[in-house]
Amino acid sequence: MQIIVKNISKDFGKKRNAVHAIKDISLKVEHGEFLGIMGPSGAGKTTLLNMISTNERPDHGQIIVDGQDLTQLHDRDQTKYRRNKMGFIYQSFELLDSLNVKENVILPLALNRSNKKLIEERFNYMMNLLNIEKLSKRNIDELSLGQRQIVAAARALINSPEILFADEPTGSLDSKSATILLNYMQLVNQREKTTILMATHDAFTASYCSRVIFVKDGVVFSEVVNPGNRDKFFEQIINMQRTIGGGSYFNVSQNN
Amino acid sequence: MYRKIIKRSLYNMRDSYLIYILACAFAIGIFGILISLGDNPSVRVSLRSWNSFISDITIMMSGLFAFCAFIYMAYVGGFFIKQQRNEFRTFEKLGMQRWVIVAISFIQTTIVQAFAWIIGLSTTLIFQKFMGMALFYLMRLRFNFIMHISWNDVFLLAKMFFFSTLVLSIINAIKTFRILQRKTIKREIKTRWWLRIPAGIFGLLLLFSAQICTVSLFYDMHTVSYSSKPITEIFFVMLADIFGTYLVYFGFLPTILNTLQRIHSVSYSGINMFSFKYLKERLFQNISILWFVTELSALALMLLTFCYFGYQAVHRNYNSAYPFELAADKNTAGVIKQELKKSKAHIKGEYQTNVKINLVSYYKKDNQDYIRQPMTFMSYSDYMSLPKRMRKWNGKINSREFLKIDYNGSIFENRHFKEHDIRVKDSPVIATVKTGSSFPYGSSMHFGPMMVVPDKYYQKMPAEVEDTFYGWDFKRGDRLSTKQLEKLDNFRDAYYMKVNFKKTLDQSNIEVLKKAPDRGGSIYTQAGFLRQGSIKKNFTQGGGFYLFIVSLFSVALLIALGSVLTLRILLRDDYQSRQLRTLQKIGVEESEVKRIVRRENTLTFLIPLIFALAQSIVAIAMSNTGRHISKNIILIYAGYVVLYGIFGLVSYKVSWHGIKHKFSL
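As given, the protein sequences belong to chains A and B, one line each in that order. End of the first sequence sits at 1149 in the working numbering; the numbers just go up one at a time, nothing left out. End of the second sequence sits at 1746 in the working numbering; the numbers just go up one at a time, nothing left out.
What the hints contain is simulated information worked out from the structure, not anything from laboratory work. Ideal placement from N, C-alpha and C gives every residue a C-beta, glycine not left out. Don't take each hint at face value.
[As the list claims (entries may be wrong)] With a cut-off of at most 25 Å between alpha-carbon atoms, the simulated DMTMM-like pairs for lysine to aspartate or glutamate come out as follows:
(1) B:Lys1437 / B:Asp1587
(2) B:Lys1584 / B:Glu1482
(3) B:Lys1666 / A:Glu1055
(4) A:Lys978 / B:Glu1671
[Claimed, not checked] To give a feel for the contact side, a few chain A residues facing chain B, derived at Cβ under 10 Å:
(5) Lys973
(6) Ser991
(7) Leu992
(8) Leu1004
(9) Tyr1018
[Said to hold, decoys possible] Residues of chain A placed beyond 12 Å of chain B at every Cβ, according to the derived structure:
(10) Asp917
(11) Thr964
(12) Asp970
(13) Ser1037
(14) Gly1039
(15) Gln1040
(16) Ile1073
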């Protein structure tokens, strides 16, 4: 197991206004797995992702990655761990407007003070892999939304992270751009053996995963494993979404 | 809902608003103090001799102060409206009517101004006594300063509050309206490197040449009375500094950052890639403000420098003319002593020195003329037995050296050069003398220059006339009545010396006359006595008042400028704050983001500080203090550095606190 999450919980606010975002969640993710986290808005998907990626600390519980308990690390060490082993794709792209495409993509390597040759090599490889060589000198505001998300993916993947976190990566994209991005993510998952954790509320996006867990009101409600057929998997996800949304005709236990 | 919007806006920019409110409150507080000083009863009682002068000056200065403060409030207040432009546009997109948005900005300004006035007026009440005591201390007045604000002042302050708040709110409302009229946000900055690079290099050359010219001015300033070179140099330095600084901000600094960014070995390391671009962007945004602040800071420093040297020079000049409260020669000393006994004056110190008057001839370099005149001689031992303050501003001599004390044309001049070959009647030629301008018994006691000579030389020297000078210092004045002074007026001139110049110095002689001759050759008058106690008191008071006002103005100016820089740092555009957040999200350590904020602060505070200091050195050169920078002026400059250091530190802390707060959202 690459990631083991043990009984984590997280509250926001204080006393009467406290919101229990995550309530005692445990889960395991295998190396090279493409895990989807689904649930309605406010269910706790992003919070769960943020805690596993060390962007937020849980109030209770443990997050063990490759045998190391990340909750015990100092902020500074967590940042280093995040920088070296993790990559991030966000719905809002989180690209730096003042840098051009190339500078945005190579930034994680520059932060690690990698040598210039390696930087150029990795950059060319990523541009080639994601088929965006032509964009390298453009400014961010000259790109379409789909192109921006591909660039964000290139940045997330340039330092060969062991785990890629994607928070609603297709949320701002049209279906064509979303499909292109998801195909790339699947490619990276299969070719580079990168573990991917993706939070989404979109069934189509989730259908690219190998397994999807459903979160509702801060707890893992259920999970669906990809049977190997994407259409069938998509249908299972849709049904599970209906159940979470309040429908009672679908027997959850039958699916497990 | 509108109340909530206003509350939220004020809360979101609370750090920046706090700094703005404090700076405004300081200005309002000082204004209130200046206004109330004019008609304070303790000022009126203690400064009767100034009549309405103090009141007129405080009214004039507070008017000037209010005008400058208003400009500051209007200019800096606009920063907040600019900061909210996205918010205002969103409100409009959501269907809020324009007049409502304009009203929101109007009310916001009114609230902020009201806060500033409340704190400012409280400052007036709290610090009026303290400032009044400081004024009295500087004016050497032993009076108790009574806290007092008249109803007139209260009404005036209330009127000022009402009208200034109204006008400032209208100005901000107009700014909001104009923001709503313009649909797009222009964020693109034209780099125009083809212009920036040569402009930057030219600016740097201008600054360097200005500094070289400043050094040259130190050497040339003393020739200002007969040469146009120093004036040309001053003119050049001023222009080169003003334009050079702008061009360096416009071209040189962005070019340096751009070059660093292009050197991959530097920029591809750590956070540099982002920070160079970020700093460049921030610099582009703030060029005019940085330049404006630099020049005004330099102006404030120059003002302080001129004030310091001006006050020093006038003070020194006055004290060298009247070192004792009362001075007399031997013919008048007896009468004076009798009158002092009658007046029951409390004598603090009494001095007397024998002097000889003889004829001398020498070549005077300054006038390029050969001079023959009588000169007063004093022995080295007698000179050294006088209080230190008498010889403080003269060149230092030992028991074998000669010192010539002469009038000084320029009050700023304090250079001690040497003169040569002074012929003295019936005595050896004096080969070399040091020079000074501070007369031990006051320049007005003399008809010409004076010479301090070694004791042996003095004893052997025959005298044309022998005299004794007397000097008194009192505790609380000489207390001579008008009647006594009328009596003493008859002794104003002690005697007259008619000099009969012949072919040679040895053949020439001095004839002493008790009455002024109707006509004749060269006539010199020896003063019988000098009384300067009351003028000295007025002089000290005037000087103290002048110091109080000027330092208040300069410090207020520096505080206002420092707060402008702080607010420029704090009021980042939304997308700039977002970028720092993004850095943290993608794994940049907190310490690295902190380093960017630190670099930004350093660039914003340190460079204007260095440029302002470099520019203000010209003021020292113009004051021509003999290539010597005094300890006090270093203290003034150090005070400025400390003040800006504090501003820089506060900006850094508040700025980082703000970013961290946004990160934790």
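Evaluate the condition: distance from the CB of A:Asp970 to the nearest CB of chain B exceeds 12 Å.
Violated, since 10 Å does not exceed 12 Å.
Is the interface hint for A:Leu1004 satisfied, with its Cβ closer than 10 Å to some Cβ of chain B?
With a closest approach of 6 Å, the A:Leu1004 hint holds.
If we take the beta carbon of A:Thr964, is the closest beta carbon in chain B still more than 12 Å away?
holds (18 Å)
Is the interface hint for A:Tyr1018 satisfied, with its Cβ closer than 10 Å to some Cβ of chain B?
violated (17 Å)
May I ask you to test the interface hint for A:Ser991 with respect to chain B, counting a Cβ-Cβ separation under 10 Å as satisfied?
holds (5 Å)
Can you confirm whether the C-alpha distance between B:Lys1437 and B:Asp1587 stays at or below 25 Å?
holds (16 Å)
Confirm or reject: A:Ser1037 is not an interface residue toward chain B, with every Cβ-Cβ distance exceeding 12 Å.
For A:Ser1037, whose nearest Cβ neighbour in chain B is about 19 Å away, the distance exceeds 12 Å, so it holds.
Interface hint for A:Lys973, Cβ within 10 Å of any Cβ on chain B
The hint holds - A:Lys973 has a Cβ within 10 Å of chain B, the shortest such distance being about 7 Å.
Does the interface hint hold: is A:Leu992 within less than 10 Å of chain B, judged Cβ to Cβ?
With Cβ-Cβ at 6 Å, under 10 Å, it holds.
What's the verdict on B:Lys1584 and B:Glu1482, does the C-alpha distance respect the 25 Å limit or exceed it?
Outside the cut-off at roughly 29 Å; violated.
Please verify whether A:Lys978 and B:Glu1671 have alpha carbons no more than 25 Å apart.
Holds, because 18 Å separates the two Cα atoms, which is no more than 25 Å.
Separation of A:Asp917 from chain B, once the least beta-carbon distance is taken, above 12 Å
holds (24 Å)
Hint compliance for this structure: hints 2, 9 and 12 are broken, all remaining hints hold.
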